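S.K.: So you can see what is in the structure, the chains are spelled out below.
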Amino acid sequence: MALLEIRHLHVGVEDREVLRGLDLNVNAGEVHAIMGPNGSGKSTLSHVIAGKPGYEITRGQILFRGENLLRMEPNERAAKGVFLAFQYPVEIPGVTTMNFLRAALNAQRKARGQQEFSTPEFLKRVRQVAGSLNIPQDMLKRGVNVGFSGGEKKRNEILQMALVEPSLCILDEIDSGLDIDALRIVASGINALRAPERAMIIITHYRRLLDHIVPDVVHVMSKGRIMKSGGKELALELEASGYAQFEHAA
Amino acid sequence: MVAVQETVERVKRIDVDQYRYGFETLIDSEKAPKGLSEEIVKFISQKKNEPAWMLQWRLEAYRRWLTMTEPTWARVDYPKIDFQDLYYYAAPKPKKTVTSLDEINPEILKTYEKLGIPLREVAMLEGVEPKPGEEDPARRKIAVDAVFDSVSVATTFKAELKKAGVIFMPISEAIREHPELVQKYLGSVVPTSDNFYATLNSAVFSDGSFVYVPPGVRCPMELSTYFRINERNTGQFERTLIIADKGSYVSYLEGCTAPQRDENQLHAAVVELVAHDDAEIKYSTVQNWYPGNSEGKGGIYNFVTKRGDCRGNRSKISWTQVETGSAITWKYPSCILRGDNSSGEFYSIAISNGFQQVDSGTKMIHLGKNTSSRIISKGIAAGKSQNTYRGLVTAHRKATGARNFTACDSLLIGDKCGAHTVPYIEAKNSSATFEHEATTSKISEDVLFYCIQRGLSQEEAVGLVVNGFVKQVLQKLPMEFAVEAQKLISISLDGSVG
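Residue numbers (the numbering used here), protein chains in the order written: chain A, 2 to 251; chain B, 2 to 499.
Chain B on its own, in the form it takes in the complex (with noise of 0.2 Å):
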């Protein structure tokens, strides 16, 4: 059979049932009752005893959520929501309040186990290797906040992060001990109003990060979130914030798995970023929730809004994201480079298999003089699956020297899956310069040929492939992220091929 029919076969059965993620964690959960009203937002913001500013932020979104529709514009397609049949808080039960690993329930401790998530007072991902003539690699601190469903259960690192006066912490606790940072920052960079998911997250937000850099600091250490979705029903409205004052620099990872489930899972979270003059973030995702079985039944639905505000001159922003997850993702994380000389970045690597359909790209809005933008976006599609990359990149008026670079490529395997390029482009000012680069391209017969005829199996040549396509952005995740995505993209892609 030839190669690339055969793959298609593969495809055809590939059996995303076998998702390495997907067992329950057994613990009593205390969550609200089904279906959203103002009495649900009401019990959200007593669980997590909130001040009142909050509370009214909350029900202004609320009402304004109500009088809003779902945007329809994506190339994604699927059955309607029904919001009053889902649960909007979940919470495990706390015995007390910890403030220790020793005391967290053992069962969570074991599902990041299984997880392979090190929580652990040096937590050094797995899988990093020395580099030639180089001693043991510096062993990196990650600062691990981890949000199990909706409740943040440890932060650790906190006293080193403290010294230096970075605080990180749970955004309902930041909400607590923070107000005046939160009330300053929230919603800043997306409103309430600016669209139906986020909206819905400014009202039912359940928990998230809050990361504060004060001036001139660089945070010791790369900043880690890992979300998990775990209670039947649930929808997960996460929440973080993250502003870094004037001349810090913060770097932070955030990693995503989910159990396994028939029903499709809601998840809308809302990411902010906020860099003051000359302050530099960067956020990095690695995305791999469950896809949905071999029927396309099932999987996560993920509405993200996630927008960074270069609010300060010379400041930065660079998104990079590998999403290999979801049953559908709907996710333009942006950048709105208000400062002169400001910069953002958005590199993105976006694999579909099975019936995945994916919409996600970026925005670079240029609203100050010579800003610049970088867009590299690697769209890779197999078995059933649409993959659309959809940007805007736009100059103001006053965005004179603005400048932008955007290269999209689409790589496809088989023939039953889709690739789409949606680019919009606006200048509104005569000295700006746009480029756009846009390729597709097969993995054909002869290279895959090539590759097993020099004795490597098809899985082993295809991922070689791969990971040859996504390289310059893989290149741009922090070492310890960058093997754990090598790995989920050979991982993403098994039953792809034999």
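Here chain A stands alone, though its shape is the one from the complex (with noise of 0.2 Å):
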């Protein structure tokens, strides 16, 4: 069975329809990469897989371990294994990121129906992972993300991912607004979270990401579909002829 599984699914926002028959079969291990123009409905599909609101599912479904994923609330999902990188991160005043990372990871043990971490367990492990990520510790005593540069707003989302140990990651654009030097310690924090029980789906523009984090299959999607799969030579196959040719493939 394959970890994630979608099969035609259809997505309206306001009376639009932006996903239009999407299949897409993940399966534990695997690091997916999903190319393809803006406006082709990528970012519409990582919201729909977390569940996010404002969105119309008119035909289809996503089972995730076989289980019908579109019937759980966002946070259900989120307990389950599903865990978003967003594209543009939220500031939260007030609340400090190192209270955030606890309020998380202890609400989703208490709907797995763990024990919550204690107080040294826990800045044990964010401290760990906070190092290995270049995240120094006064960032943790800020505002979730507020006063954040890009780079170091991208680096939370990993830092978040690589907490809560989600069985499916799936990363918006990642890349966007990241220098070189960002870019490959973003890439090194989600490459160390490569495991055999983790499938991740890296949501991308650029070739450029994927050199770093080397996936085993790339989609092309375009206009609400996805139009080609292949390893990951399609993604030089991409970057050397451009979207045109998917687009009219359909």
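Derived by calculation from the structure, the hints in this document are not laboratory data. Predicted model, so just to flag it, every value in this text is computed and none were measured. It is possible that part of the hints are untrue.
[Claimed, not checked] Chain A regions said to be covered by chain B (calculated; three or more residues, Cβ under 8 Å):
no.: 1; region: 44-57
no.: 2; region: 105-115
[Claimed, not checked] List of simulated lysine-lysine pairs, PhoX-like, C-alpha gap at most 20 Å:
no.: 3; chain 1: B; residue 1: K370; chain 2: B; residue 2: K429
no.: 4; chain 1: B; residue 1: K472; chain 2: A; residue 2: K142
no.: 5; chain 1: A; residue 1: K142; chain 2: B; residue 2: K477
no.: 6; chain 1: B; residue 1: K298; chain 2: B; residue 2: K81
no.: 7; chain 1: B; residue 1: K32; chain 2: B; residue 2: K48
no.: 8; chain 1: B; residue 1: K417; chain 2: B; residue 2: K298
Built from N, CA and C at the ideal position, the CB exists for glycine as well.
Work from the hints to combine the two standalone chains into their complex.
M.R.: Now the structure itself:
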């Protein structure tokens, strides 16, 4: 059974159909890259998997370990192991990153019937992961993403991902707004989380990110559908010829 | 359904009738007949065995009140109050004079138990967590002067306070035992002619707390009073007077809950604070009176006059309030900065949900030289409530070097509520520096979704965002209160989302 199975998914936003019969299978241990031009429905796909309100699912289904994901609240999906690294992480003034991490982690553990972490256990884990991502301690004491640079926000997303240890990581344009050094740190953080029991979906415009995170499968998305799937060499091909050829394939 | 829409739906269904503290205590009470007249004022004074000067003071206030009209400038809307249809005095029937807690009517103690108010010898409020690496928190003592309806039924820690020279007692007792202090200070900050409700209070006030801290004394414990309105149709007219003599310090906590009611209950308290040279008074309030039901019926009308006088040089008065209850709130804890280099602070969290209406803020009146004031106000409006910040900052001609900083932030939950900011600023000399900042924001769908994607429920997400919003003010509360207040904020917003 695939970890994630999407069948004939049709999704509309305000009377406009954005996903038009999308199929996707992702197995545990695999890293999938989804590439495509602006407006092809990449971000919509990530939002719908995570359960963001405001989308109308008209047809199709999403199964996660065989369970109907679309029937679950977004926080239930999170507790089941679905994690979305946001393209534009929001700011939450007055809530320190440390408190936020703890609230999130413990909420998920509680939902899974696990014991909450004790304070020393939690602090130890955070310090460990933060260190590997070059996140200084004082960043953890600031409000969530408040006054963070683009790179800091993205590193904070990876920090959260590493702490909650999800089974499915969806990374929505994690490379946008990053310089080459920040990109390297973020990519190595992501690579460190690659594991046989974990799958990743990496959404990006650019091949650059895929030089650092080598995918098992590359999909080309256009007009709300996956037009072509292939190995990592498909990303190179795309860079050479552009997306135009796929837009007419359907 | 979109998260914010859903929030609004849920708010529509909000059932404030689940009010946690809605229960009545069955004890006999002795009350004056309905209505207000010179006879009733005399009745109250007589019930309390007051000296002639006190009765005179009340009667003058009463006569003045007859000539006054209710203020209408606040952004609150309520049916006309029939002042002749209220009871102005109710007291639990004392069986005998109480000397220890054991002698108090067990029904009353049970009420306090339900409220979670500790009356026992070491009163420590629940939920105090030790800081990492520290031993158990220093078990701070809190003296509780419990005001049950109108009469104080128990005062603890009296002995220890007495040793320090601190006077902490019901004001009715202070009138008899320390008439010189009461006569000197009562009405010296809020005169009997001050405003409609304060004048009414002066005529009929039932009881309240009196605190005097002698020169150079740091009050050895936090002083705390829990008010509770229990008698149907009883106007509550608390009167509190706190005096900090030269170089002294006192921190006073006031916490309130009231049982559920169909009729609206009027509450018009007066609090006067006096700080002499180098003295400091910290006054904290957590107010969660019955806000009314889901149709906006019932709930407390709260018309309060709270004012502090920084009478001495370098004196300091700080008001911190967390307001979550009442159907109508009309309240402006203020500071008169009379002494040179004196300072005043106002930290406020005002939460309104359902049909609540809040018109609250502060006045900072700079009279002395180099006086400074700071105002941090956080208003949160949910449901169909209206939340107004109204503030006045003024510098007298002679108040050279006066400084004020004001920050008013409003947070809206849903789209049927309103937040308003009405600042009045007057500087009569050119050396005054006044800064004013105001923001209004909504809890955005994106922020909620971000939190929920990380595993938090909708309520947890709102609670987290709101607590972040009010953090700056919560930090100003004494620790025990901060924990309570944080819980209260979550309870108050229960039902504003699923």
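S.K.: Of all the hints given earlier, name the ones this structure violates by number, lowest first.
M.R.: none
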